[in-house]
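Visitor: From these two lone chains plus the hints, build me the complex, please.
Line order of the protein sequences matches chains A and B. Residue numbers for the first sequence follow the numbering used here, so the first one is 53 and each next one is one higher. Residue numbers for the second sequence follow the numbering used here, so the first one is 389 and each next one is one higher.
Rather than coming from a laboratory, the hints here were simulated on the basis of the structure. Because the structure is a prediction, the values reported are computed rather than measured. Glycine residues also receive a C-beta, built at the ideal position from the N, C-alpha and C atoms. Do not rely on the hints blindly, as some may be mistaken.
[Claimed, not checked] If you want a taste of the chain B side facing chain A, the calculated C-beta under 10 Å gives, among others:
1) 562
2) 954
3) 983
4) 987
5) 1061
6) 1072
[Stated by the list, open to error] No more than 20 Å apart at the CA atoms, straight line, and that leaves these computed lysine to any residue pairs for SDA-like:
7) A/95 x B/716
8) B/1061 x A/109
9) A/86 x B/716
10) B/627 x B/609
11) A/86 x B/1061
12) B/1061 x A/106
13) B/779 x B/747
14) A/95 x B/1069
15) B/1061 x A/135
16) B/1061 x A/132
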Amino acid sequence: MTEAVDYKNLKVVVFQLADKEYVIPVSQVQGIEKLIYITRVPKTPDFVKGVINLRGVVTPIIDLKNRFGLGESSLGESTRIIIITLDDMNVGVIVDSANDVLDIPLDAIEPQPEVVGGMESDFIAGVAKIDSRLLILLNLNLVLNPIKSGV
Amino acid sequence: MDTNPYFEMFIEESKEHLQACNEHLLELEKNPENIAIVNEVFRSAHTLKGMSATMGYEDIANLTHKMENILDEIRNGRLHVTVELLDVVFIAVDQLEEMVMDIASGGKGNLDVTDTVQKLHKIETGEEIPVAATTVESTVESNISQENWLSYDDYEMTVIEQSVEQDFSTYEISVKLREDCLLKAARVYMVFELLEKMGDVIKSSPSVEKLEGEDFDEIFYVALVTNEPSEDVQKKLMKVSEVTEVLVNSVTLEQLKKRNNIEGAKVEETPFSEKTEVIEGSQEVVAVKTTEKSPASKSNQVQSSKTIRVNIERLDVLMNLFEELVIDRGRLQSISEELHNSELDETVERMSRITGDLQNIILNMRMVPVETVFNRFPKMVRQLARDLNKKINLEVIGAETELDRTVIDEIGDPLVHLIRNSLDHGVESPEIRLAKGKPEEGTVVLRAYHSGNHVFIEIEDDGAGINREKVLKKAIAKGIVSNEVAQTLSDKQVAELILSSGFSTADVISDVSGRGVGLDVVKTTIESLGGFIDISSTEGKGSLFSIQLPLTLSIISVMLVELGEEIYAIPLSSIIETAIIRSSDILNAHNQKVIDFRGKVVPLVFLENVFDVPRESTDDEFHSVVLVRKGDKMAGLVVDSFIGQQEIVLKSLGAYLSSVFAISGATILGNGKVALIVDCNALIS
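Only chain B is shown next, with the shape it has when bound in the complex (with noise of 0.2 Å):
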């Protein structure tokens, strides 16, 4: 199994993609001549494409790929969508949702999809499609008979001689999984599934509640009541993977009492006539089925169940209605104090301990730092720069910034088509940079920060930059924008049209990027998110795609510090420490007070002043000061008292106090007022 942590996300993710392209091929063999739904399925299979050969899954990235280059010339009208097209799309969809369910249940995602690859190869080509030669691969080996896999109790023996009167064969099977195999017991789940689809399972050895704990090696037997051929029982098992040895013993009742005899156990002394006793025999393999399926059926669940997905309103109100009782227990504390019950103090002690592990656990649901998203970048810069010939390094900064989960879980696909595109077509070849006197590795910046009511997202590279000709010349090819337009768009409107619909610069369709699906995705993809993405490039510089995603609701640390009456939370990651300064430390230059900070001048910034605390001004000796940086510089925040640190969830001031100076947001604190937040950019000049 897969530890990543993105490695959910993938299957989340792959699976709607997977959904999304059935439902629109299912629309497309209605409407042939939609090209729209075309593009739909397009770009399912484009990101599905980038998320596999992210993540290694080559035969899914190897398929979408061959699916995508007919989708391909559907859109440009040399291929027209006929049944027979769209059934050999279809199997290449489900098979797709075959790997992904193995991967999913801890598999490799391995298939063998050369058959699939051929068929679509040949459409593409245009040739007809041959009747399906299938090439099942069969590794059996010769049938090493093995004595003495498993002996059976007399309700056994009777089950199998019921099935002998019946027709039915009774085989002993030995199953060996790989040794490196990581999820025996899903690999258990599934040889059952299969078993119990083919007849009945009355005996296994280990037992199943050791199969189901893996607590055994490769090796585990079964016996199977079945009317199926030992042949059919043995590739049907030997399409589980990670199965690598499949032996069917077919048993005949002789045989077994034979084995019976020779351990002592009374196999004679078993009524087999009694008719009694067999319905009771019978009874037995009812039960036994069950309890097998059972804890079978529960791996199943626990699989499935790691990831639940909750709409996020549920979350906001939940949020909400958390915060409302923790109003009522800061009320039912100072309640209990006045009362001074031993009784009552008690119960509203564990209440609050209750209620800040559930705020704990509410808040963090929400939040996601920005890392699960980021984690797969590197990897896929690597594998990427490799492919391209390039040298690339890739700086990842901020990644511990937290983020609603709704924007994480959209962020990856725009992410993914940005950091591909900077470096398909941002980032030169090392000669070509070498000429232009760049350093031959070419640097790729991803970075997260919060800023006012924002978070911001930002993809650098040290690249060509975005050439204007170039971008025009395609535009105008592609009847984006008309000749006349096209003169007098400043630079930053030429940049922005490679955001546009069907557009795409690269001379060569490369696997990396550059079908002009990629950006324009991006574009929608974030402004649904409520945010917008800016592009600023200097042509032979280098370019900077720059999102900002709206700040709903997020966690932030924060120091709370007192001024005269009021509290405010200065956020910590613009903090570097606090100090306390003496009156006398305070020096003047040019109208500014300043403070010698470990030999740097720090100018101070009085808080109680720019918010106009209303107070008598008092002359304290000692000042407490925040020390707060953005980017190099630095200013010290003077306030009356540091009360100490906390988290919060940023609030919004609302649409009505849109922009107030020097103030990010608000928070809820733990007795219900309301706290405001500084934002600490606007002090720093």
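Isolated chain A (complex conformation) (with noise of 0.2 Å):
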């Protein structure tokens, strides 16, 4: 639908990951739901918080901060769970807050500067910059790469 309306801009959420701030787009994300009970799931890497009943599905939870290497996220009256779509798969991320969600135009959007090191940007598709605001564009497929473990 925005899209077809307002091709030139995409619609973002946008979320607080440590002292960054992060987008995905609109159309990739189901939910966004507050912090419920996680039940870990053995033998994943660490990044796997575990599963939770979303309305009857079990969905896998990741810590996006860990995901990035950025140590664990603490888990606060702020903190969310932010549902993503991608591929007929459903994978909650944590996130420390859930802020807005933005129109930015497509031709804001550049590919990642060079120097931003970290496992983080392997994950980059590209940042924004609106106004004083530096958004980063998250790569999700690499995101949420399925992972077969245990064996």
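Guide: The structure is reproduced here in structure tokens:
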């Protein structure tokens, strides 16, 4: 819909992780949930926090901060789980807070700068500078690459 | 009425297949050159034949077999689709429908199809279709006049009087049903339906209510006002199956009056001439008619509303909504515990009970034990073995395994095909078996079990296995593979060739299997269910067809156990028993902790270590152990404590976590939290 009406803009959800702001396209977001009980799943990588019961559907949850190698998330009042749908797969990501929904012009998105460093740079699809904010657009396909573990 | 659990399935499936036949035949009429359509009709007919033969409805099987022959000729280009040909095929399908409907309403599905069979045979052998010579078998017996069947009240007399004036005849009819007729009410309904097409039923004895309630012996009487000749009425009624005798007696007013006089009824007082009364009388008839109709149509509704097909997606939605309800119920319970309001407590308790019942219903709605499909096989195997002059023993294992309704509905046909295939092509004749040094009696094992996120259904026979050379030769002849490719194929790939469309290795076409439609249908059906089929075969030793089906949703019984703060579920199917052991009972053998359990050395698996449960390790003197097995191997799973047994809904962990070690899935507990299901098979090595 959004694309049809306004193809020059990309509607995104803005969320906070550590001190940076990240964005993912609204079209890939199924919902934003408050923190609920997470069941740990053994023998999975550290960043897999476990699974939750999302209205009857068992949904895996990953800690995005941990995924980026930025340490454990500290869970608090503002902590949110963003449910992302990707190729029929539902995954929730833990973020420090979900801030905003924005329209960003497509031409404001630039490829990521050379020097960013850290594991997270592998997952960045581009950056956008809106006013004074630096928004990092994530490549969800890489972030949510399914894991096969435990063997 | 057949009380078999798969009876309804047969009816539903038959109707579907006949519908498909009709649709495709109509299509074929438009595109007579399209062989693909012929194939579709052929498949439906083939399945119908198999099903009806299994259920013992020989007329249907017989007719479908003839129909199939014709279709086969068309497929092979020996016959051309003509309007005349289609006419006959349509008649055949109509008759099949009639038979299926008869079975559905409690009949035996018998119908005189000789005529159609002859026509089909003539087309097959290339003869012209003769002018239809209908052979209506009439077992009309002499009309024995019987007096005093019915007596009429004034209104009814009026009606008869009026109908005589309008040149309608009044008949008193006696209908006799077969002594062993099971659904008398249904027969009555059919009789009444026929009668009401011909005229008006003004009286019946016993009353309609009693007939409806099957509260009568074999004979009942009705009075009919109609303008049809009595022979027609009689012939029409005789067409209702299980009706053995119909006597139609024409009655005149004089007779009736006389009769009524004898009985002391005051017919003379009836004011025939008053018009108002006549109108009232006819109104009465309308009323009688409607009251007769409504119980009759009610019986029809009872018949047809026994099963209702609901889209599985709706059940999914229902299920998920219900789970949310359960979560809120949990919250409500804790709130009411805090508030200590007795009225609230009561209401919450009632609600808990109701939701509990609701839960059972919803869960069970989707799940069906595979037994409902398996049940039909022993009879089929016995019959087939006799037809084929083979000695075959069918072993059914794991019939209680529950499967999603979607899967159950679809899996029947493929399994029929596979079993027929095993019987026909797999197991050898007793002489050959003896010559090969095998026991005379062949064994076919039908097995179902849960494993991980899948349900497996296996069909194993100890027959001849798949003959590589024979399969390759056939595949090359049919143009399925080229000569060059054929030599490079592995044995397994060769085995899979038999699943290709248009493949058949049987030298002689039998009505058991072997037209090359069966196995490729099997493959397509299973793949459409998201599963796959695997064949392993050793020549001379036998073959194993293994069907793997996804476990999208299924209910299993589990034992809930506690590990630290976490709750895990262990499927009851793999648990032998539970025990509490002392630390001193634990022995060490080859770096492995074991216990002596009833004289057997059983290795221990400490689940807290396997699952890295985060907590301080405790040194209890007693350990709770769940003894599980995989095949003949055993292991003892050490847990903190047992919570209890519960029925749970198996859910996948989602595509993101596709294979987690020793976890086969997850479930949502009553409190809304997710618990993981332990895959015991992975823990026993």
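Visitor: Mind checking the alpha carbons of residue 86 of chain A and residue 1061 of chain B for me, to see if they're no more than 20 Å apart?
Guide: 15 Å, holds
Visitor: For residue 95 of chain A and residue 716 of chain B, compute the direct alpha-carbon distance and say whether it is at most 20 Å.
Guide: 31 Å, violated
Visitor: Does the alpha-carbon distance linking residue 627 of chain B and residue 609 of chain B stay inside the 20 Å limit?
Guide: 17 Å, holds
Visitor: Tell me if the interface restraint on residue 983 of chain B is satisfied: Cβ within less than 10 Å of some Cβ in chain A.
Guide: Residue 983 of chain B check fails; min Cβ-Cβ to chain A is 24 Å, beyond 10 Å.
Visitor: Please work out if residue 95 of chain A and residue 1069 of chain B have their alpha carbons no farther apart than 20 Å.
Guide: 16 Å, holds
Visitor: Are residue 1061 of chain B and residue 106 of chain A close enough, with their CA atoms no more than 20 Å apart?
Guide: 10 Å, holds
Visitor: Within 20 Å, alpha carbon to alpha carbon, are residue 1061 of chain B and residue 135 of chain A?
Guide: 18 Å, holds
Visitor: Verify the proposed pairing of residue 1061 of chain B with residue 132 of chain A, using a straight-line Cα cut of 20 Å.
Guide: Status holds; Cα separation ~18 Å.
Visitor: If you take the shortest Cβ to Cβ gap from residue 562 of chain B to chain A, is it below 10 Å?
Guide: Not OK, violated: residue 562 of chain B not within 10 Å of chain A, min 61 Å.
Visitor: Do the numbers back the hint for residue 987 of chain B, that is, is its least Cβ distance to chain A under 10 Å?
Guide: 33 Å, violated
Visitor: So if I understand the rule, the pair passes when the alpha-carbon distance is 20 Å or less; does residue 86 of chain A with residue 716 of chain B pass?
Guide: 16 Å, holds
Visitor: Between residue 779 of chain B and residue 747 of chain B, does the CA-CA distance stay at or below 20 Å?
Guide: 46 Å, violated
The earlier numbered hints that this structure contradicts are 1, 3, 4, 6, 7, 13.
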